[in-house]
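Enquirer: Per this note's numbering, the very first residue in the sequence shown carries number 1456; after that it's consecutive.
Honestly, the hints are just simulated from the structure, not real lab data. All C-beta atoms, glycine included, are put in the ideal place defined by N, C-alpha and C. Check each hint, because a few of them may be wrong.
Pair ranges (Cβ atoms, derived) [unchecked claim]:
#1 T1471 to G1563: 17 to 25 Å
#2 G1596 to S1531: 36 to 44 Å
#3 T1568 to E1491: 18 to 26 Å
#4 V1567 to G1542: 16 to 24 Å
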Amino acid sequence: MRTEYETPGEGKRERTVSWHDPLHAASLGNGLSGLEMMRGIRDGTLPAPPMACLIGFRCVTAEPGEVAMSLDYDPSLENLMGMAHGGVAATMLDTAMGGAASTILPTGSGVVTLDLTITYMRPTTARQTPVVATGRVINLGRRTVYVGGDVRSRDGGLVAHAVGNFSIVGPSIQASASKTQG
1456 MRTEYETPGE GKRERTVSWH DPLHAASLGN GLSGLEMMRG IRDGTLPAPP MACLIGFRCV
1516 TAEPGEVAMS LDYDPSLENL MGMAHGGVAA TMLDTAMGGA ASTILPTGSG VVTLDLTITY
1576 MRPTTARQTP VVATGRVINL GRRTVYVGGD VRSRDGGLVA HAVGNFSIVG PSIQASASKT
1636 QG
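Make a model of the complete structure from these sequences and hints.
Expert: Following this line, the structure appears as structure tokens:
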């Protein structure tokens, strides 16, 4: 991931973002479990998803059932009041929570978001960064994973809390369980 800033004119800023083709990145992860993929993204051996590159957050924790993303201050993510746009927290939560869900699934499985409910507690400003979004698996079902998450500021203050359901795509949990029992 690379981000560059330029100031070509009074009050105007430009930002350049680089990312890897997501299909190529996915091919690099063929045969890896979700946990191995998230650890590869965390360690830099696999490329980050394009959305992470666009917003500028990075994976800092990848453990079974838990993933965390961190974001440093970036003025291009501010709203007109000088605070981080709420969509930034939403995107970080969706990514961390989906990542957490993927870490407990069999190789070849992934997740897509079914629903995501976010409660914002306080705004985020530059002096409160970095912010960290953490997703934690609450319940694993046959076809869905229920996950909770929160965004915390540098001082540990709660910025946003979320819960969501993620649909399992690829081999089902039931099929994986029957293979190991049979």
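Enquirer: Run every hint past the structure and note whether it holds.
Expert: Hints versus structure:
1. Between T1471 and G1563 the C-beta distance comes to about 35 Å, which lies outside the given range of 17 to 25 Å.
2. In this structure the supplied range 36 to 44 Å holds for G1596 paired with S1531, their Cβ-Cβ distance being about 38 Å.
3. A hinted range of 18 to 26 Å for the beta carbons of T1568 and E1491 is consistent with their spacing of about 22 Å.
4. With their beta carbons about 19 Å apart, V1567 and G1542 fall inside the hinted range of 16 to 24 Å.
Going down the numbered hints, you'll see the structure goes against just number 1.
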